[in-house]
Amino acid sequence: MKLKTLTWTGAVACLLALALLGSIADAQAPKPPRRGGTLRVALYNDPTTLDPGTTTNVPSIRVRNQIYETLLAWDKDTGLQPMLADRYDETADGKTYTFHLRSGVKFHDGSDFTAQDVKYTFERIAKVSPRKSDLNMIETIEVVDPHTVRFRLKFPSPLFLQGLAMWFSEITPAQNTEMQVQKSGGIQDAVGTGPFKVAEWRRGQFLRLVRFADYKPRPEPASGLAGQKIAYVDEIVMTPIKDNKVRMLSLEQGESDYAERVPPEEADRLSANPKLEIKSVPSTNWSAFYFNCTIPPTNNQAFRQAVAVGINYDELNKAGYWGRGTVTNSLVPEAQAVWRAPEHKQGYKYDPERARKLLQESGYKGEEVSIIAATEPPYDLVVQNLQAQLKKVGINLKPTFLESAAHEAQLYIRVSQKKPPTWNIGANFGSAFRPDPHMHYYTRGHSDVHTGFCSNKAYDTVVEKAQKLLNPVERKKLYGQAHLIQLEWVPFIVFVDEPYIEGYRKNVKGVQILDPHWDIFWGVWLEE
Amino acid sequence: MQYYLVRRLAGIVPVWIAIAMVVFAMLRFIPGDPALVLLGGEATPQQLEAVRVQLGLTKPIPIQFVEWLGHVVRGDLGESLTTHRPVISEIRERLPRSLELATLATAISLLVALPSGVLAAVRRNTPWDQGFLSLGLIGVCIPSFVLALLLILVFSVKLGWFPLRGYRPMSAGLTTWLSYMTLPALAYGLIDAAQLSRMTRSTMIDVLGLDFVRTARSKGLTERRVIYRHVLKNALLPIVTIVGLNFGVLFASTVVIEYIFGLPGIGSLLVDAIRNRDYPVVQGVMLTIATLYTLLNIAVDMSYAWLDPRIRYQ
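Top line first, the protein sequences correspond to chains A and B.
In this text, residue positions in the first sequence follow the working numbering: the first is 1, and each later residue adds one.
In this text, residue positions in the second sequence follow the working numbering: the first is 1, and each later residue adds one.
For the record, the hints were derived by calculation from the structure and aren't laboratory data.
Backbone N, C-alpha and C define an ideal beta-carbon position, used for all residues, glycine too.
Some clues are possibly wrong.
[To be verified] Only some residues are given here: those of chain B computed to face chain A with a beta carbon under 8 Å:
hint: 1; residue: D33
hint: 2; residue: L38
hint: 3; residue: L147
hint: 4; residue: L149
hint: 5; residue: L164
hint: 6; residue: Y259
[Stated by the list, open to error] Okay, the calculated bits of chain A under chain B, using three or more residues with CB under 8 Å as the criterion:
hint: 7; stretch: 79-85
hint: 8; stretch: 126-133
hint: 9; stretch: 195-207
hint: 10; stretch: 232-241
hint: 11; stretch: 406-412
hint: 12; stretch: 415-423
hint: 13; stretch: 490-503
Chain A extracted, bound-state conformation (with noise of 0.2 Å):
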């Protein structure tokens, strides 16, 4: 009896303790992916427009990406992938590309996605884009058939795929587009084949997008801007708010289940809020000090060195981006990991002795250093930081702040008005996104176009020579080459990676934070 009743209780203890581990798995399992329900987006800035060929406002790139889509996309790790183009075919010499389109994309008015439309985009770009020199080795597109085009090149040049995987390549219907376009010059009404279409926009206030219905996923898994895009939501309401401080109250306050640009110093605070996601990832936005090599101290090499060691870099860091940025001298971002050489990760080490010695090897007296900055923050930060360590090593900095305009205007005084400075140092804030490295390391460094006109003949050699070449393992060879002569150089100081911070709430599922990629919501899901 005692042994029937033991049994019997060793049972149910049994059948309890799976019934209770069940649930844990239960409790435990990803839930699968919901589809419905809005989701709303706090946005930090209005866009401007919706139409690709007229603009380089980043809040409007943002927005787009729903929208709509490119021959050619960046996966997670910005490598590139088959969008709207199957594949395409490359002939021997580098100059003709042949692109075989899906078939049956549909764009938002209904209409198919043909040939007609990239060869309509691409020649529309080379009209009125103020990226279209970006292309410019683009010779003639033309439509073989309905779902087959070719572009033939001027010269055969490493960026050309890259440019079709850019904001600015975003395919538009030609019929629609090109009545748009007789219409207000523009498109106002955006129609792309992407899988969100845009419902309706009240400019300042909101922008409400709805799932494409007739959207047609791509087979390969989602990645980045690349494959598969399932749209979850049913709408998504994007809202302008400016103010960091409200858009911040917005997502704690549940008006707003994902936030771009959590500000840095705010994260630590939301990250403590259970019901809050804030991810941090490295950008690709780089922040530097250019010098001026036409006036003392900054044309003496040793000087600019003794800066390059004299500052603490995670100080500065700490200074501007509560510690949130990614400390590298690198033109090449740690978030563009393809185009990495091993080079790329040497840097300056911090050494106020030798910056010390090196102060007095080139002379300098303790005369005025002046440097420009935007006012915006954390850029006076970072600044007045900079100031305080280089006070340390012996170097008199002299900052002056500018409005956004009118500092970009004294820095890039070069190319804007074929003047030298008369700034000694230049801070750079933010640099934009450039898929390809020869974009910086040319704009940035060479001598035809250095802003400071520092001028250096082995890095001018060894950037031309990796521009001609096709070969993506040997172009990065030669950046690393270009790296090396620059921390020698010094040319300009890359002091961090700045952070890309976004927030959400901890029912939005499946989101991907990348940066370049920015705003993502397909693949996105609300959990009840």
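For this one, chain A is given, so just place chain B on it according to the hints.
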């Protein structure tokens, strides 16, 4: 009176031309390049030049001005360099929100400032007076953006009485419109009220000491009648002037409140346009503000005749 009005309205034209010239010239001479703002620092000189040609910025400045003025006379303020939309559409969209905000803020300011200023003057050197003076001082010292954030924290976050931010037009219903407009209007109106209340108090005190007030009292009029029919009406002239001027200032300087409360009006349009060196938008908005300001001044001047029958316009 009609002749005076026509003359004043005709006077707007030279004001327009002067403002147009000054704004046009200033924009061209302040540092900053729309092409550079558009393309960023890594652009090549060739790319910048191409964009400048596209935007029509390579022509001599006097020719640019004459061409622009020619379009303005025909009612065309040009096209925004950033949104590529007609400037007139941008202004038409934003103007009503700023007008609504400025009107509501002025109404709040008057509702608070007039009674408190009158009470402080009538009960001079009493705790009432001291209380209103202190509150006024606090109001003058607090920047509007701090008050705005405090209002949000208390009334939206803690009490949940008002939405955090945003805008709904009046067509969505008066209650809905008011729920979105009250906090921004309070943020401006209360600070404006602090100044206006002090102004009302001092003007009232001046008028209270005049002979005709003693006469009115000696005639046996009630104190209420003396204050509201005689003193306040005579003290209103400078108050109306200040209210009129403040309305204009408020209208053009609501940008901070617009940013915080997500109320995209004419102030944020102007600031964004200046940052982007969007010349046509800056010029268009400045002309609009100048027109409104001038019209407001004319309205204030005309109101003097109604407030003080001794004033006659010819």
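> Tell me, which hint numbers fail for this structure?
Replying inline: Those not satisfied are hints 3, 7, 13.
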